[in-house]
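Following the hints, complete the assembly by docking chains E and C with the ligands onto the known chain B.
Protein chains in written order, with numbering that gives the first Met the number 0: chain B, 0 to 336; chain E, 0 to 391; chain C, 0 to 98.
To be clear, the hints were calculated from the coordinates, so they are not data collected in a lab.
Every value quoted in this text rests on a predicted model; they were computed, and no experiment measured them.
Fair warning: there could be bad hints in the mix.
Ranges between beta-carbon positions, derived for each pair [claimed, not checked]:
#, chain 1, residue 1, chain 2, residue 2, range
1, B, Lys-109, C, Glu-45, 50 to 60 Å
2, B, Asp-56, E, Asp-224, 31 to 41 Å
3, E, Ala-229, B, Arg-22, 48 to 58 Å
4, E, Ile-212, B, Arg-26, 27 to 37 Å
Glycine is no exception: its CB is placed at the ideal position from the N, C-alpha and C atoms.
Read off the chains here:
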Amino acid sequence: MIAEELMAKELEELKDFRGFKPRELPREELVSPGHRACLGCGEVLAMRLVMKALGRDTIVAMPTGCMEIISSSFPQTAWEVPWIHVAFENAAAVASGIEAGLKALMRKGKIKDRRIFVVAMAGDGGTADIGVQALSGAFERGHDFVYVCLDNEAYMNTGIQRSSATPYGAMTTTSPPGKRSIGQMTWKKDMPAIAVAHNIPYVATCAPSHYIDLMNKVRKAALIKGPAYLHIFSPCPTGWRCPSDMSIEVSRLAVQTGIFPLYEVVNGRYKITVRVDRRKPVEEYLKTQRRFRHLTRDVIERIQRRGDENMVKLECQEKFHSYYMNALQYASSPAQS
Amino acid sequence: MGVRVAMEVSIAAAEAAKLADVDVIAAYPITPQTHIVEHLAELVADGELDAEYVPVESEHSALSACIGSSAAGARTFTATCAQGLALMHEILFIASALRTPIVMMVVNRALSAPINIWNDHSDIMAERDCGWIQTFAENGQEVFDLTLHAFRVAEDHRVLLPIMVNLDGFILSHMIEPIDIPEKEEVRRYLPEFKPAMRLDPDRPISMGPVGIPEVYTEAKKQLDEALVASKGPIIQAWDEFGKIFGRHYKPVETYRCEDAEVLLLTMGSISETAMTAVDIMREKGVSVGLIRLRLWRPFPLDELRAAVKGADTLAVVDRAVSTGGPGGPVCSEVRSALFGLPNRPKVLGFIAGLGGRDVTLEMFEEMVNQSIEYAKEGKEQFYELVGVREL
Amino acid sequence: MKASEKTGGIIGWKDLELGCALIEPGTSKGFKTGDWRSQRPVTDKEKCIRCGLCWILCPDMAYRPTEDGFFDSDGNYCKGCGICARECPTDAIAMIREE
Ligand SMILES: Cc1ncc(C[n+]2csc(CCOP(=O)(O)OP(=O)(O)O)c2C)c(N)n1
Ligand code: SF4
Ligand code: SF4
Ligand code: SF4
Ligand SMILES: [Mg+2]
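Same shape as in the complex, but just chain B:
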């Protein structure tokens, strides 16, 4: 069975990974201080954690966006690893080329054969909107790389315009609330589901408040051969209109209210990695940010319902795999043939 083959491959690739220990986290900073992110930026913190989990043998391709601007303003760079910025919509394609280049050079004995993690790291705009075609292509072609979406739920670099990852009801400069608008009128695009639909071996959601979970997922994504997708919740105090000390709290609340559940999907198997027994009402999350200040009771209730339904869906998805495996076993048993 192909499903079993994939599981064996995954076990083999992860066999030496024991997980990060809170007291033994890598000390090395691969993104240096002196970067120009706003104070309290959750996106740069997420990026710092990602790089800690990956280590030095990494090449980063980064499209245009906040993280590119704040880390590479001439004549200084925050990067301690090789890094390249080409344009806004093509991080996955650039990473594809790097991966192909390394592969060819190693195979032909032109450079030393060793594991180098190739990572594309983009904002939600660079991922879910303008970069989605290049991303889909790179997933489908099966490059061995990790794609990290740092989701701050809008185009922050250009001044807080909506993206397809902006949540329902949120105020941005291009989804302003008004007489005929509640703010963002559409539900957040489900990028992890789009990634899963490409049948890639690893997809996960992460949040900086749950940094051990985040780092473990990053490491797994890198160790598993083939494409991996990480969707990281990245609070942006500037764009979300919240105090700069709230980034971690907001991230925690997003997980605890079910607004942003943490799970992974390994070869199609869903697993909720941070279980929340008693979810808090979404309002507790919404009221931390002024981008939701204008929301009426009605809209808040819709968001609550949608969140609850999403959690039910996720739990069903989690159960689906064993059902599917049983059905596969049954279908391939001799009695059936």
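Below, chains E and C with the ligands alone, put in the same frame as chain B:
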């Protein structure tokens, strides 16, 4: 010694890339470029070429992947044309600014709309300022030779710029011509292994493509412009070297029967071959005409062009693209400004011909030359005209 | 001369690396973001349990571990966001207004 084989010119381009032992090919199919990339895919599939073939989902991604692979230190090849080249537009400028020595075949084709798969130069002329070296081939052998030359020049540490080798769609790319294919050893002698000047290497981390603040943007552009202008020396040197090894000689600007010619034609690409025949016919009729063929378009061969036009009264530039609303065809406008400061410069006339696959015939060349002689006699000012357009 | 050594990147085109590349890693360390701060964190070592949360959650990589297992915030980089103070499990960090 190599062998002489009859083959389709597209196949010859792909064979040149194979002999160059490229490491990565990232390309997206578009007529009439397809035969090049199909043949490369086949060579990789059969294990005849040890390379990564990245079947990207668009030309934008093709060139983006090429930048990635070149930055990783791999010898990188791609091919496109028309809509594909236009889709690459944004990334073309970045490939040169990042100094990634990518080699690309541009199988010249008309730009939409109306959609038209046939040959002219509207695709490349829209990209003339993108910072790439740009050469134009006239025949199949030249396509093969210029491809090898392109790798040698692009990767030269005095250059480190991407190159486009232009060949006319269908009328050249799909012809079957005899091609001299050299031995692997000869090629290796001409084209050493690619040694990147810098690359993405975890042992020596660099940041490529940082934010160019106003304090540095001008200097960055100056660096690129200087590099492109200065590449002419290594380009010519690599042609000289090519001549020594393979016995075929190339120059940035070629002249044909220009001695004492009163009227000169100027062409680029495969119509130059027809133009040479036209010149022969007209010379026989006693018309004092010669031909200038531009092989090198970027960097612009200013000195060579000025030397070539010396003594002529009239220069008829044949453009294969319209600069819509502009003062002349793109080549003509540049030639005019290149000659402007020259004392005793010829009168420069502009003829736009062969758009979207319309034939440029011997008769048309004769017509352009006769027209030019007339304009010169009348002292009439002419900016440009579309040859053969129906005024019904 | 290296681009990063000249203030503000005011250099001539001949000094630029190929394609404007920055060949020295981590040079942003030379850009002191501490000036942005209007408040600074002060740790009460009596209350600190040396858990390292302040260090791992700082978006500006400002904390440095000390030999005795505590964490010191580097005034050169700390922007004063207050995350460390809010997240410290024992409330050992106070944010003090800068003059
Ligand atoms: C082709 C193109 N279109 C638009 C832009 C302008 N632009 C630069 S960054 C950006 C938004 C980035 O948003 P996101 O990817 O979410 O990253 P963030 O800044 O939020 O981290 C936009 C619209 C561009 N650079 N290139
Ligand atoms: S705008 Fe938001 S994401 Fe961008 S640097 Fe500022 S806080 Fe970070
Ligand atoms: S978070 Fe608080 S308790 Fe933990 S190390 Fe920092 S100051 Fe000490
Ligand atoms: S206040 Fe913010 S920037 Fe300063 S040390 Fe604490 S977390 Fe870091
Ligand atoms: Mg964003």
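Comparing the hints with the structure gives:
no., hint, in the structure
1, B:Lys-109 / C:Glu-45: 50 to 60 Å, "holds, 59 Å"
2, B:Asp-56 / E:Asp-224: 31 to 41 Å, "holds, 37 Å"
3, E:Ala-229 / B:Arg-22: 48 to 58 Å, "holds, 57 Å"
4, E:Ile-212 / B:Arg-26: 27 to 37 Å, "holds, 32 Å"
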